[in-house]
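Following the hints, position chain B against chain A.
Residue numbers (the working numbering), protein chains in the order written: chain A, 1 to 111; chain B, 1 to 114.
Calculated from the structure, these hints are not laboratory results.
Model, not experiment: these values are computed from the prediction.
Yeah, the Cβ is synthetic: ideal placement off N, Cα and C, and Gly gets one too.
Just so you know, nobody snuck in bad clues.
One-sided excerpt, in silico: chain A residues whose CB lies under 8 Å from chain B: (1) Lys49; (2) Phe89; (3) Phe99; (4) Phe101; (5) Gly104.
One-sided and incomplete, this derived list gives chain A residues near chain B with beta-carbon spacing under 8 Å: (6) Glu42; (7) Gln98; (8) Thr103.
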Amino acid sequence: GDSVTQMEGPVTLSEEAFLTINCTYTATGYPSLFWYVQYPGEGLQLLLKATKADDKGSNKGFEATYRKETTSFHLEKGSVQVSDSAVYFCALLNTGNQFYFGTGTSLTVIP
Amino acid sequence: DTGVSQNPRHKITKRGQNVTFRCDPISEHNRLYWYRQTLGQGPEFLTYFQNEAQLEKSRLLSDRFSAERPKGSFSTLEIQRTEQGDSAMYLCASSFNDRDTPLHFGNGTRLTVT
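Looking at chain A on its own, in the form it has when it is part of the complex (with noise of 0.2 Å):
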């Protein structure tokens, strides 16, 4: 069935080092990918996403690129900050309108 898969954490990283969480996918057809953030205490909002191949989603100095060829669509950050500290998921919808989310991976940015 259809799947995804992301990079385990915690991931603890300096402020202003690079970010990157990887992300790969299974699914049959051509599925949209999107990137969703969980700050303490709150619910899931949006990061960024790409509906179509070769796509990069971006959005607050993030971004990512749907690969087809090795099905992924990892997550990067040129220079985390502090306020960026929280949990990331991946997330497919797949042709039948279904979403599937990763475990999700906890970044701490200590300053």
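This is chain B only, laid out in the frame that chain A set:
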């Protein structure tokens, strides 16, 4: 856009009791989803509605769980005869019937079964 609203935010109940949660989606969204999230895990799909029709239910959803969306607006999720394993965060999300539209989540209802 007032966002997705869920009530209550927290619910503590004793094993064997029934509980009901409410979700008010974004008004123009026709799809509504229920998910369950436990610590350290991503959201697990429970069920979803398109307008008032319940289109899919997860195998995770036992007979003790029932969801409704009368008139295609708000939705309720009821758990009967709660068990300690039901303790989790219950998330509601809504979207348009459009592949480009992401889910918009509420802040969830945290259920603790003692």
